[in-house]
Every structure is written in structure tokens, then in C-alpha cells.
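On the provided structure of chain A, position chain B as indicated by the hints.
There are 2 protein chains.
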Amino acid sequence: MPEILLVTEAELKANVQLDKPLIDIIEQAFAKLDEGQVIMPPVLSMELPMVNGEVDVKTAFIPGLDSFTVKISPGFFDNPLKGLPSLNGLMVTFDSETGRVKAVLLDNGYLTDIRTAAAGGVAARHLAPQRVDTAGIVGAGLQARLQAKALLLERDVGQLLVWARDPNSAEAYAQAQQDALGIPVNSAESIEELVKASQVVVTTTPSKQALIKADWLHPGLHITAMGSDSPEKNELDPRILHMADRLVVDRITQSLERGEMRSAIKAGILSSGDCPYELGAICRGAAAGRLSDSEISVCDLTGTGVQDTAIADHSIKIAVKHGRGTMIDS
Amino acid sequence: MPEILLVTEAELKANVQLDKPLIDIIEQAFAKLDEGQVIMPPVLSMELPMVNGEVDVKTAFIPGLDSFTVKISPGFFDNPLKGLPSLNGLMVTFDSETGRVKAVLLDNGYLTDIRTAAAGGVAARHLAPQRVDTAGIVGAGLQARLQAKALLLERDVGQLLVWARDPNSAEAYAQAQQDALGIPVNSAESIEELVKASQVVVTTTPSKQALIKADWLHPGLHITAMGSDSPEKNELDPRILHMADRLVVDRITQSLERGEMRSAIKAGILSSGDCPYELGAICRGAAAGRLSDSEISVCDLTGTGVQDTAIADHSIKIAVKHGRGTMIDS
Numbered sequence: 001m002p003e004i005l006l007v008t009e010a011e012l013k014a015n016v017q018l019d020k021p022l023i024d025i026i027e028q029a030f031a032k033l034d035e036g037q038v039i040m041p042p043v044l045s046m047e048l049p050m051v052n053g054e055v056d057v058k059t060a061f062i063p064g065l066d067s068f069t070v071k072i073s074p075g076f077f078d079n080p081l082k083g084l085p086s087l088n089g090l091m092v093t094f095d096s097e098t099g100r101v102k103a104v105l106l107d108n109g110y111l112t113d114i115r116t117a118a119a120g121g122v123a124a125r126h127l128a129p130q131r132v133d134t135a136g137i138v139g140a141g142l143q144a145r146l147q148a149k150a151l152l153l154e155r156d157v158g159q160l161l162v163w164a165r166d167p168n169s170a171e172a173y174a175q176a177q178q179d180a181l182g183i184p185v186n187s188a189e190s191i192e193e194l195v196k197a198s199q200v201v202v203t204t205t206p207s208k209q210a211l212i213k214a215d216w217l218h219p220g221l222h223i224t225a226m227g228s229d230s231p232e233k234n235e236l237d238p239r240i241l242h243m244a245d246r247l248v249v250d251r252i253t254q255s256l257e258r259g260e261m262r263s264a265i266k267a268g269i270l271s272s273g274d275c276p277y278e279l280g281a282i283c284r285g286a287a288a289g290r291l292s293d294s295e296i297s298v299c300d301l302t303g304t305g306v307q308d309t310a311i312a313d314h315s316i317k318i319a320v321k322h323g324r325g326t327m328i329d330s
Numbered sequence: 001m002p003e004i005l006l007v008t009e010a011e012l013k014a015n016v017q018l019d020k021p022l023i024d025i026i027e028q029a030f031a032k033l034d035e036g037q038v039i040m041p042p043v044l045s046m047e048l049p050m051v052n053g054e055v056d057v058k059t060a061f062i063p064g065l066d067s068f069t070v071k072i073s074p075g076f077f078d079n080p081l082k083g084l085p086s087l088n089g090l091m092v093t094f095d096s097e098t099g100r101v102k103a104v105l106l107d108n109g110y111l112t113d114i115r116t117a118a119a120g121g122v123a124a125r126h127l128a129p130q131r132v133d134t135a136g137i138v139g140a141g142l143q144a145r146l147q148a149k150a151l152l153l154e155r156d157v158g159q160l161l162v163w164a165r166d167p168n169s170a171e172a173y174a175q176a177q178q179d180a181l182g183i184p185v186n187s188a189e190s191i192e193e194l195v196k197a198s199q200v201v202v203t204t205t206p207s208k209q210a211l212i213k214a215d216w217l218h219p220g221l222h223i224t225a226m227g228s229d230s231p232e233k234n235e236l237d238p239r240i241l242h243m244a245d246r247l248v249v250d251r252i253t254q255s256l257e258r259g260e261m262r263s264a265i266k267a268g269i270l271s272s273g274d275c276p277y278e279l280g281a282i283c284r285g286a287a288a289g290r291l292s293d294s295e296i297s298v299c300d301l302t303g304t305g306v307q308d309t310a311i312a313d314h315s316i317k318i319a320v321k322h323g324r325g326t327m328i329d330s
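So the sequence lines, in the order shown, correspond to chains A and B.
Be aware that the first sequence starts at 1, since it is given in the numbering used here, and climbs by one per residue.
Be aware that the second sequence starts at 1, since it is given in the numbering used here, and climbs by one per residue.
Chain A with its partners taken away, still in its complex shape (with noise of 0.2 Å):
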């Protein structure tokens, strides 16, 4: 009977957060995903209507990694009601040379919160401009707060502007912000008055129709949009895709089925054969990020399987070095 790591969430929390070496890792993650060794199927969706959920499935091989991992992220939407959070699920890690199970991670979803803000600050150190005066937040949740945290590891910003839906939640983002973030943080009237003020946007709502207009644009701007990762959603005019200067996704093959290319070819606004740069090149130098102040970059972020492969390679290493979490036999 082989051994098996489980980690709990708690103990992943104290293993791994998100700093510039988590950042460091996904960027990795990215590249290799670029070089073309890495193995990534399609995401796994199951759509539940009648107990209005959903599950994902994702993974990759990474050649190089001692492990590569499964990653099962359940959505139910009704549990808010039922006092629980939406969002949970876990990670089961494999030996790369031999596929036994090496690790059970109990993370609730807490890896794929910081992996997913992870590769916001890798778009951030390639895309935005070097000097970030003003950050706008659209959205208050939970990827609002993180999304803000990795931008400020990779840049100085001088205040941060945030709206939401519901002007309470912007409120109460905004004044939990400025204490944990040590810089201004105040809430836009409107997105159009946040994206005017703002040299990074970073969209986290699970919106179903484009919350940022393609006339609001200006020189200079880069606009991360995280939250579009199933076939209904969408955050961005799709005309922004083609007014960008520099349009970055991080998996074409995602965006076409879950992000914000498919929006904008629905609209007619990209065709299939349009090509975006992917992420991963120019994480490893096959491609340019921004190079000139007055671009206009945008980063479609989906979410991908090699984020969750690299993350919890990390976490089992950290955890072994750290002696966190428990043997069990299998």
C-alpha cells in the first residue's frame, strides 16, 4: 500500500500564498505550457441545472515536474443561502513516472484562489505599464481582493478605484483594501469613470454581458479580465479585443469555448483563424509583452490546468520540507 500525503486546507494556507514566488511559478507553468511538452486537455464541465452547479475538471502533465495533478472544482450556487461558500473542491497529485496517487490537497478551492491571482500578476509584469498611478477593481469578491494583492507585487500603484454591483460590497472592499494594502482605496461612481481614471483594469465578475465599453478606452491601459470562464459569461465589449494593441489569452483554445474570444467571434468582432498571443510566449521570451507606454493590452484569463499541476507540485514540496500534513496508507 503506498503512502499518500493529505494536506488540509489550514495547513495549505500556512505552506503557500500568494507572493512574487508563487507568481515566479506560474509564470514558469506558462512557459513550459508554450514550449509545447506539456500535455492539457480540454477542461472536463458537467453543468447541473436542477442543483444550479457545476464542476470542472483540469489538468496537465508538465515534463520535468515530479507530479502532475487532477483538479475537481465544484460550483454551487445556491450554497450562499445554506450558509456555505460556493466555490470548494480539491486537488489529487500522481507521480509523474508511475501515476499513484501521491497526494490528496483538502484545499476548498484555496489553491485555485491564489493560482488564479497568480496568473494576473504574471499578465501584470509582462502587460502593464511601469508606472500604474491609478488600479481599477471591477467586482468585490474574493478575486477582487487577491487580483489587487498580486498587481501590487509586480507594480507601485498609487491608489486603487473599485466598483461593484452592489455599492455596499464596494464600500466595504474598499475600506478593507486600504488597511490590508497600505494604499488609497475608493469606490467608482461607474465603471466608465474607473476605467477613464485607471492604467490597470482587472475584471473578476462572473458577469453574462460586457461590463467595460470599447469608447472607454485610452493609450496606455491594460485591462486583465479573470472572471469569463464558462460559455455564458462575458466581461469586455467584445470590440476591445479588436481595438487591443496586444491581445493575450492564456489558452486560445480556452478563450474560444469559455472566455472572451468566443464572446467577441459571436459578435463578429474576431474571426476563428484571429490569433492571439498566448500567455505562455511571452512568459518565455517567444513573444513581446508591452512595449511602449501608450499600448492598449488585454489578458484573457480562463484558468488552466498547468496553473494547478505547478501549484501543487509547489505545496507538496513545501509541505514535505515543512513536515505539514499527514502520511496515510492508501
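In case anyone wonders, no lab produced these hints; they're calculated from the structure.
There could be a bad hint or two in this list.
Any copy, or any two copies together, can satisfy a pair, since identical chains are not distinguished.
Stated by the list, open to error - EDC-like cross-link-like pairs, simulated, lysine to aspartate or glutamate; straight-line CA separation at most 20 Å:
hint	residue 1	residue 2
1	LYS13	ASP329
2	LYS149	ASP19
3	LYS82	ASP66
4	LYS82	GLU97
5	LYS13	GLU3
6	LYS82	ASP95
7	LYS82	GLU3
8	LYS213	GLU295
9	LYS149	ASP24
10	LYS149	ASP179
11	LYS317	ASP19
The following block gives chain B in isolation, referenced to the frame of chain A:
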């Protein structure tokens, strides 16, 4: 932090065996699948040629059950050279109402083994002739043993014949099974001899070329082909699917992609419009099983997510009832 039930392979083996009640459970799962309320997405398959491996992920949501399961099955075919089994994996079970992780079944493939054999039992229940003087098993591995056991749960079998590529394996199988099953078990000189002498044949190999020739068919024969579960495998001469009076598959979409229908369509013997029965239709009485002693019937099994969800739900209930397994904080 929710509590999660952790059950090891040894505990699962003590809890759940291949027996008639398990065949009933798998039969009910197929019936539910045919009723149309089940949600069962396509298999997620990841081929890993660089390590001679593959990973399959299967899942299904069965309304009315307390839980649904995502099953991860790695197969790493160089493992036997390292003294390890090729197949292993685990099942992760989620609460049907909240999507929260309910249990992790560290079965190393055990539950897959017996739910696969139980599907063979379901096929035999509905399609094997009532009188089986001789049954033939092609292959001498674990499924060859379990499929024989499942068949004997459904029919009084006079004697078994076995054929395997390696005659020593066939001999070893014959000896061990004669003791285990309490009926005569002999190895056959050829597959032809085996098929011609048998009323039921079960093929259990990873063959990539047809093993059973159409010329060997005879009235009253039932064949269950459970070996092909990936797009390059094939056990039956494609003409057999055309010649069978009753062609049944566990899931048409899967048989078209990874089962015997794939080979038959590739050979031009079936068209993709040809629509055999699904096993579930027979299980719930919407289609007939064997109607006469002289029919030739064929059942192709590729392995389905409903089997995984059904056996996992059952296993958890038994574990809770008997207090086996460990509750852990996630």
C-alpha cells in the same frame, strides 16, 4: 471546515465485494442513465506517451443519489517493470446538494475493477442464454477472473474455457479458477475452439486487433466485449456487430469513441446512424433482453461514470454503517 470520510483500499475491500447486490446496484445505475435524468459528460482522457501512460477521468450525476463521484484512473504501463500495478487511482465523492467533498475513496482501482465486472454481470443477466454449459474467457488477467465470477453469479455454468496469449498464464488461470469457482476450468488451444464450444464468451484484453472472428459465431452465443475502452483497442471482428441479432452497448457515444462501434464504423460495417440498444434501456425494461435461445447477442462495455457514482455512493453508505473509514477535517 467540513469533515471528509477517507476510506482506504483495505477498508473498501472489507466493505464491498463483487456480489449479486452489487450487480443490482450497477443495473439500477444503467437504468437511471437510460431514463435521461443523469448527467454524464464525455470521458476526459489524457494520453501521456512520454511515460507510456494515460489518465481517464469519469463522472456522472445521478439525481436521487446523495452523492456524485469523479473517478480518476491513471494507467502507467511500464509499472510492471518496476514491480507496480499498471492501474490505480481513486474516487472523490461530492455531496449532491452542496458539491462539497464528502469522501475520498483511496481504492487504487479496486472499485473500478468490481464495478466493471458487475457491468458484465448485468449484461449476462439480460443477454446470456439461460443454459450455459460452457463459457469462454479470453484473457487471463484480473478482469478475466472477475468477469467469470460475475457470470457465475448470474448463470449456472457447467465449465469454463480460457485462452490467453501466453499459454502459461492460461494454465495458471485455469488452475486457480478451478479452485476458486468450483467448476472445471481448462485452457483452450485456440480462441476459435473456445468460441465454438461456448454459449457465453467474455473478452477481457487490451488487444488492438480483432480476436474473435465472425465465422465462429453460432446460434445462441452471447459475447460481452469489455476490453476496448480507448480509441485504438478492438477485440471483435467488426462484422460481428452487424451479424448480431441483438447489439447492446453501455453507452453509444462512448462505444463510438472508444469501443467496438468505433472499429465497426471505421471498417464500414456500421454507420454512425446505426443505433444499437443501450444496456440501460434493457435494465429498465424499455427494450428487450435475449428473446430466444438461438439469438446471437453482443454487449460492448466501455465503462461509464454512472457505475463509478453508483458504487462510490454505495461504498460510502456501507462504510458509514460499519464505522469503517476515517473522518478528517479538511
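Going down the list of hints, with the structure as the test:
no. : hint            : result
1   : LYS13 x ASP329  : between (24 Å within a copy, 14 Å between copies)
2   : LYS149 x ASP19  : within (9 Å within a copy, 55 Å between copies)
3   : LYS82 x ASP66   : between (39 Å within a copy, 17 Å between copies)
4   : LYS82 x GLU97   : between (42 Å within a copy, 10 Å between copies)
5   : LYS13 x GLU3    : between (23 Å within a copy, 18 Å between copies)
6   : LYS82 x ASP95   : between (37 Å within a copy, 14 Å between copies)
7   : LYS82 x GLU3    : between (36 Å within a copy, 17 Å between copies)
8   : LYS213 x GLU295 : within (17 Å within a copy, 67 Å between copies)
9   : LYS149 x ASP24  : within (15 Å within a copy, 54 Å between copies)
10  : LYS149 x ASP179 : within (12 Å within a copy, 66 Å between copies)
11  : LYS317 x ASP19  : within (16 Å within a copy, 42 Å between copies)
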